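Colleague: The listed protein sequences correspond, in order, to chains A and B.
Heads up, the first sequence is in our numbering, so the first residue is 1 and it goes up one at a time.
Heads up, the second sequence is in our numbering, so the first residue is 1001 and it goes up one at a time.
FYI, nobody ran anything at the bench for these hints, they're computed from the structure.
Just so you know, not all the hints are guaranteed correct.
As the list claims (entries may be wrong) - Simulated pairs of lysine to any residue, SDA-like, Cα-Cα distance not exceeding 20 Å:
(1) A:K177 x B:S1013
(2) B:K1177 x B:G1160
(3) A:K177 x B:R1015
If you're wondering where the values come from, they're calculated on a predicted model, not measured in any experiment.
Protein chains: 2
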Amino acid sequence: MIELLTIGDELLSGRTADTNAHFIARELTEAGLSATRFSSVGDQPEAIRRALTTLLPDTRFVIATGGLGPTDDDLTASAVAATFGRELVVSEAAIANMERRYREFGRPMPDAAKKQAVLPQGCEAIDNPVGTACGFMIQDGQRQFFFLPGVPEEVHAMTGFIIEHIRAYCGMRQIIKSRTLKVFGLWESKIQELLKGRLPELPAVALGYYPSFPEVSLKITATGSDEEQIEQELQLFQAAIQACIGEYIYSENNEPLEEVVGRLLAGRKATLAVAESCTGGLITHRLTNVAGSSAYVERSFIVYSNMAKQELLAVPEAVLAGHGAVSEPVARLMAEGARQAAGTTYGLSVTGIAGPDGGTPEKPVGTVFIGVAAPDETMVKKMFYPGTREKVKMMTSQMALNLLRLALLGNTRESGLKKF
Amino acid sequence: MIELLTIGDELLSGRTADTNAHFIARELTEAGLSATRFSSVGDQPEAIRRALTTLLPDTRFVIATGGLGPTDDDLTASAVAATFGRELVVSEAAIANMERRYREFGRPMPDAAKKQAVLPQGCEAIDNPVGTACGFMIQDGQRQFFFLPGVPEEVHAMTGFIIEHIRAYCGMRQIIKSRTLKVFGLWESKIQELLKGRLPELPAVALGYYPSFPEVSLKITATGSDEEQIEQELQLFQAAIQACIGEYIYSENNEPLEEVVGRLLAGRKATLAVAESCTGGLITHRLTNVAGSSAYVERSFIVYSNMAKQELLAVPEAVLAGHGAVSEPVARLMAEGARQAAGTTYGLSVTGIAGPDGGTPEKPVGTVFIGVAAPDETMVKKMFYPGTREKVKMMTSQMALNLLRLALLGNTRESGLKKF
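Work the whole structure out from these sequences, hints included.
Modeller: Put into structure tokens, the structure is as follows:
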């Protein structure tokens, strides 16, 4: 059994949220292991000692983070030494790790940093590939304890070593492979319903659900000793999921939607202009989070006012007055107007009511029209997603990017949207 | 002493990050209390029992979340009953809480929901003002245990009651008042340095630092029994902070920067157009996250290409060719062009290199020019913030909104920016 321990006054005071336990737990789960308990305590030697001596009876491994830095309130190493009756000694391996880091940083090693190399006697240093404070592992009776610094980037870089160590120690010689499918247009419970009884019986393959508004990631993990067989099982499982909900899967490679859309645009040497009303820039913000997006994002128009819609996108005043700014014809004219004005291959538009005010009985908050102007045709889709302003904006940006993706794939049935 | 316990298999598998312990810890700290240990365990009765019976010797209060829902894997109530040797009985108070909630939702109460009203005998129900599952508190020996559902919104709504209960129980009759100052332009360590030895000696006043890129929140908390005196001490403390770093404080009321800027624009009946290049829409996205922003955000131009800068903002081709798109003259012309084209009171512009590519020795990644065109003058500021694409975008949006804020306040010394 494995327990996790996070150490730091900043955790107990609520000043910092602990992300290390969550990260390590997820890595353990994906490696076919699992944690039985997490604990967090402050930076007091007595609190650390108590945590290390009140473990569950069956615990064999303890992974701890925090309190290994150079300052006076980093007390983990000395608390561990006191708990297990060890001397504190200078670890040559830890000194070497620090010297290597400072050389890479191009800075001399300050004397104060050397405190980080003072570790309990008999422990083994764990190399820290990104920071100066190395970790260490120590055996006490039947238990192995691993101590890492608290900096999340360093924990991310060092957890793999610990997991490999535990797996090897326990004789888990299996290979693990995984793949992450990104799903939009179905919530978790609906996916479960659609997949129920439709997946192959493969005991070595596990499926994990990770919902993150407005989408769900499905992680397929296969374990075994034969790499080829694992790959086959992974593909078999993935094919079964594809057969059930394929039209809702926009990436089989864990990419964000804006990256998929960007890849499709770049691959077709196509360019894009967006006309955003209710999303207020969020769609283009997401698109331009992708490095290299200047190759296809030509410009965008954030047309909050009716005047802007008229002047920049040539939406006639009469259409705005007759149908209202949030309407099918306006979304159509906005998409076409953006494409025309910018001279791009595609135009994408959204116009809607993000709330909290501005809703009417006919067009309540969450009513949005999305338009995609392609070279040969324009399609417009109405969506309704009641929620907070923030959620309406996010959902609208996701729907718009997905509609563009489907248009780029030549799929104008918009199947991925029919559930909304 | 207080311990926190979060219950749920989804926490141990790393599927969900625990935010409840962090939230409750912060609330406790602000109420003058503190947690001594957090633990997380899975949804197994035995794991819950062990957690409840292996508390630290001095623990008097335990606040637990999770496992109170209607489904079969919600086992907290029955595990608690078994641990403390109580019968499970239907709680009338819990039934009343549920009926009230379902009435508000306008839906009939399903029979399955009634499981949530089956609680250990002798416990006291804790009203849940936002969900159907009420919480409960139970006394065992010298200890008081509080159990809440795991849904974060419900925890947020119910924690106040528990804190009041603990404070009253311990005879903490003090009043607590707090104020949050938002600081931009100084990192935490610099703020500490500037405040060192400059704050009044008021033992009943505490200062908490909550950094969140690219800004820092300073929370001043004062406790005491005399409301007037607390208010005075709070003001004295705040005034001392203002005297040291006042020019970096953009809100004394915990508002986000986009809300402060929006309030200033609305108060002056001024309108705004933004010309965004490297931020790709993020500035306007932030501005339009504020409800009612359509009153002052007229339109924005996301001008990723040089052609867009020419066509939409009338930046002459010769200036772009002569100085480059990332330059002082182009930022100036973009801000003025946006103001002119949209007919707004203010124009705000950014042009820079967000990276990871596109940097040169003269203009490395992170070089950005920001322009503010006001009715009477235009000011341009150069900034340099090397970092990831995401951080350059975020820092640029923050700098731009802050520069606009200073212009709206008539402060063209740009003092709040001089550190970057």
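Colleague: Determine for every hint whether it applies to the structure shown.
Modeller: Here's how the hints hold up against the structure:
1. With a C-alpha separation of about 18 Å, the suggested pair K177 of chain A and S1013 of chain B falls inside the 20 Å cut-off, and the hint holds.
2. A threshold of 20 Å between alpha carbons decides the hint, and for K1177 of chain B with G1160 of chain B the separation of about 14 Å falls inside it, so the pair holds.
3. Distance hint between K177 of chain A and R1015 of chain B is fulfilled; the C-alpha atoms sit about 18 Å from each other, no more than 20 Å.
The structure is consistent with each of the numbered hints, conforming to all of them.
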